[in-house]
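> Each chain, written out:
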Amino acid sequence: MNGLTLLQLYRNMLLIRRFEEAAEKAYTERKIGGFLHLYIGQEAVGTGVIAKLESHDHVISAYRSHAHYLLRGGTAREGMAELLGKQTGCSGGRGGSMHFFAADKNFHGGHGIVGAHVPVATGLAFATKYRGEDAVTVCFLGDGAVSIGPFHEGLCLAALWKLPVLFVVENNLYAMGTPLSRTLVTEDASIRALGYPMARATVEGTDVVECYNSAAQAIDYVRSESQPFLLEFKTYRYKGHSMADPAKYRTKEELNTWKQRDPINIAQVRVRSNFPELTAKLSDIEQSVDDEILDAVKFAEESPEPPLEEVGYYTYV
Amino acid sequence: MRTLSIREALNEALAEELQRDESVFLMGEEVGYYDGAYKVSRDLLKRFGERRIVDTPISENGFAGVGVGAALIGLRPIIEFMTFNFSLIGIDQVINAAAKMRYMSAGQYKLPIVFRGPGGSVHQLAAQHSQSLESFFVHVPGLIVIMPSTPADAKGLLKSAVRNDNPVVFIESEAMYSVKGEVPDDPDYLIDIGTARIRQSGSDVTLFCWSKTVPTCLSAAEQLSSHGISAEVIDLRTLRPLDEEVITTSVMKTNRAVVVQEAWPQASVGSFIAQRINETLFDYLDAPVLVLSGLDIPYPYAKNLEQLMAPNVDSVVKAVERLM
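Residue numbers (this note's numbering), protein chains in the order written: chain A, 1 to 317; chain B, 1 to 324.
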């Protein structure tokens with residue numbers, strides 16, 4: 001990977017991190033309602049995968065989707081405005097944290113019923129194949145989703161019809177507040193692909209370069225073979241399942257061990273050691289990300305709430 | 001005009017819409033090689049091929065979700081539930097995905113998808129295969145719910161459903177697939193969704209019905225007329241949105257209303273219609289609005305017990321006479 005690409009991935013990860021930190025702050029100030037599921041710690045996964053996609057590819061995600069939305073080109077302004085329930089939000093204040101959408105960028109949400117979006121992803125891939133397009137669909141899901149029926153049905157149909165869809169399991173070791181050992185009989189969620197059968201891999205998910213390279217192989221396969229692929233990343237969320245979860249079910253030691261492998265730090269170290277001439281760019285990026293987030297928060301706070309008379313808009317065409 | 005069965009009329013509607021629009025496809029269990037569990041999709045595989053007529057494994061949530069995904073980016077799926085009893089396996093996709101996606105995204109999507117198949121009871125199929133589940137879907141904003149009772153309506157409404165940009169739940173009466181009637185030839189024969197049809201004019205009482213209770217109410221009206229009671233029979237056809245204008249006009253004319261449904265009584269379409277009439281037309285009523293429903297129990301298997309379940313001509317006639 002060249003230095004400029006690495007810097008771009010670094011910036012993307014930092015933007016996600018700072019966006020979510022700002023969201024966390026706004027949530028504690030009670031400016032954000034509902035659930036808020038943060039992605040902090042998992043940045044390398046979405047960043048590495050989405051960097052390999054073309055604009056005509058499709059992405060769908062679950063309830064921890066701010067990152068995927070931003071990576072697909074959704075703006076921090078519209079994302080933050082959505083969290084604050086504003087008319088200018090990416091879902092007009094109708095969706096909130098779990099339902100970010102950017103249809104014009106082929107980002108199709110933001111879904112809150114665990115695993116139910118997996119068949120929908122299969123449907124996106126079905127439609128692209130039906131029309132003879134060479135698009136790939138990427139479906140992000142958590143490890144908690146791999147035990148629900150729709151996950152299996154979505155995989156089954158994708159394999160049966162040879163659909164170009166990459167299922168990305170972001171395995172952060174906890175299904176809500178329950179550790180993996182209590183929800184999965186295997187350590188790797190990707191083993192679920194074997195029954196269909198489907199190509200699979202389980203890889204480390206903290207180094208964005210490794211994520212990028214694993215995704216590249218999987219996406220090339222999906223696109224060239226028109227076959228599904230189940231790609232699992234081992235990752236970790238620093239926060240609880242949602243802001244309502246103090247995450248007392250895990251130890252400080254465990255958290256600290258994972259923080260030693262912080263994806264943003266790893267990327268920084270890579271820049272410093274492999275591209276020392278670009279080191280000065282790191283602080284420029286930090287500054288510009290901070291500015292972008294400040295601007296987004298200001299934009300969101302100053303934006304109007306949805307007009308009351310529009311409460312029923314968008315129920316029907 | 002030709003005489004077709006409801007089954008044939010639905011088949012013709014599907015064929016015409018598949019022919020007209022490349023983005024329309026039919027998906028479900030046994031819709032292709034088997035020609036459809038109830039033969040509604042007969043010969044469609046032969047005419048349109050495997051790309052357009054898609055057999056699925058038994059996986060209602062899966063293929064309903066595939067339909068939602070395909071609709072999100074511009075296809076027009078017709079998803080067949082082999083019976084609406086099985087739609088409960090996929091109902092999450094209908095309610096949590098199809099009905100909500102447009103709203104949750106502030107209008108970034110259209111959801112041009114039809115979920116269709118047979119519902120209601122027939123031939124001693126017992127509790128898990130004999131249910132009128134329309135209220136489950138009628139309950140949900142974002143959905144359109146249609147239940148036709150004649151071949152012409154079945155055809156015109158299904159074609160409109162396929163061309164509609166909202167998710168439509170289209171429940172066919174399993175018991176009525178062989179019912180025959182005249183159907184226009186026009187390949188663009190459409191019926192506006194949300195319009196009820198006055199099947200028979202009357203002045204003393206209005207019978208509101210849909211699907212299988214329409215013929216019941218028409219026969220009841222005939223008997224009532226021999227007793228000197230003039231009943232208006234209104235086939236609602238679309239249960240969401242309801243044709244409130246026709247309901248209002250009729251009740252203002254007849255001053256009495258009976259809603260006749262096969263479904264269970266609690267939290268039902270019938271109870272909603274009765275409540276709306278009470279709320280908005282109380283001053284026009286000469287008697288309480290009655291709702292005749294199926295018995296409030298699961299469907300039994302035994303023939304003699306099954307026959308007790310749904311309102312019949314006799315119970316409708318008796319109910320009306322009680323109101324007069």
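Keep in mind that the hints were calculated from the coordinates and are not lab data. No experiment lies behind these values; they were computed from the predicted model shown. Built from N, CA and C at the ideal position, the CB exists for glycine as well. Worth double-checking, as some hints may not be accurate.
Examples of chain A residues toward chain B, derived with CB under 10 Å [to be verified]:
hint	residue
1	HIS111
2	TRP161
3	GLU277
Taking lysine-lysine and the DSBU-like style, the derived pairs with C-alpha atoms no more than 30 Å apart in a straight line are [what the hints assert, rightly or not]:
hint	chain 1	residue 1	chain 2	residue 2
4	A	LYS105	A	LYS252
5	A	LYS105	B	LYS110
6	B	LYS318	A	LYS129
7	A	LYS252	A	LYS239
8	A	LYS281	A	LYS252
9	B	LYS180	A	LYS162
10	A	LYS298	A	LYS248
11	B	LYS303	B	LYS318
12	A	LYS31	A	LYS281
13	A	LYS129	B	LYS39
14	A	LYS25	A	LYS129
15	A	LYS162	B	LYS318
16	B	LYS110	B	LYS303
17	A	LYS25	A	LYS248
18	A	LYS248	A	LYS281
19	A	LYS239	A	LYS25
20	A	LYS298	A	LYS129
21	B	LYS46	A	LYS162
22	B	LYS46	A	LYS129
> None of the hints should be skipped; say for each whether it holds.
Going down the list of hints, with the structure as the test:
1. Of the supplied interface hints, the one on HIS111 (chain A) holds, with its beta-carbon coming within about 8 Å of a beta-carbon of chain B, less than 10 Å.
2. Checking TRP161 (chain A) against chain B by beta carbon gives a least distance of about 8 Å; that is within 10 Å, so the hint holds.
3. Given hint, GLU277 (chain A) at the interface with chain B, is violated; its Cβ is 43 Å from that chain's nearest Cβ, farther than 10 Å.
4. For the proposed pair LYS105 (chain A) and LYS252 (chain A), the alpha carbon gap of about 39 Å is over 30 Å, so the pair is violated.
5. Between LYS105 (chain A) and LYS110 (chain B) the CA atoms are separated by roughly 16 Å; this keeps the pair inside 30 Å, and the hint holds.
6. For the proposed pair LYS318 (chain B) and LYS129 (chain A), the alpha carbon gap of about 58 Å is over 30 Å, so the pair is violated.
7. At roughly 12 Å between alpha-carbon atoms, LYS252 (chain A) and LYS239 (chain A) fall within 30 Å of each other, so this suggested pair holds.
8. Pair hint LYS281 (chain A) plus LYS252 (chain A) does not hold up; C-alpha atoms about 33 Å apart against a cutoff of 30 Å.
9. Using a Cα cut-off of 30 Å, the hinted pair LYS180 (chain B) and LYS162 (chain A) is violated, with the two alpha carbons roughly 42 Å apart.
10. This hinted pair does not check out: LYS298 (chain A) and LYS248 (chain A) have alpha carbons roughly 34 Å apart, beyond 30 Å.
11. Of the supplied pair hints, the one linking LYS303 (chain B) and LYS318 (chain B) holds, its CA atoms being roughly 23 Å apart against a limit of 30 Å.
12. Between LYS31 (chain A) and LYS281 (chain A) the alpha-carbon distance is near 33 Å, which puts this suggested pair outside the 30 Å criterion.
13. Our distance criterion of 30 Å between C-alpha atoms is met by LYS129 (chain A) and LYS39 (chain B), whose separation comes to about 28 Å.
14. Between LYS25 (chain A) and LYS129 (chain A), the direct Cα distance comes to roughly 43 Å. Violation of the 30 Å bound is thereby established for this hinted pair.
15. For the suggested pair LYS162 (chain A) and LYS318 (chain B), the alpha carbons sit about 59 Å apart, so the restraint of at most 30 Å is broken.
16. For the hint linking LYS110 (chain B) to LYS303 (chain B), the alpha-carbon distance of about 45 Å lies beyond 30 Å, and the restraint is violated.
17. Restraint check for LYS25 (chain A) and LYS248 (chain A): the C-alpha separation of about 20 Å stays at or below 30 Å, so the hint holds.
18. Taking the CA atoms of LYS248 (chain A) and LYS281 (chain A), the gap is about 38 Å. The hint is violated against a cut of 30 Å.
19. Restraint check: the Cα-Cα separation between LYS239 (chain A) and LYS25 (chain A) comes to about 13 Å, which is no more than 30 Å; the hinted pair holds.
20. Restraint check for LYS298 (chain A) and LYS129 (chain A): not satisfied, since their Cα atoms lie roughly 42 Å apart, outside the 30 Å limit.
21. Straight-line distance between C-alpha atoms of LYS46 (chain B) and LYS162 (chain A) comes to about 22 Å, which keeps the hinted pair within the 30 Å bound.
22. Taking the CA atoms of LYS46 (chain B) and LYS129 (chain A), the gap is about 21 Å. The hint holds against a cut of 30 Å.
Hint violations for this structure: numbers 3, 4, 6, 8, 9, 10, 12, 14, 15, 16, 18 and 20, all remaining hints satisfied.
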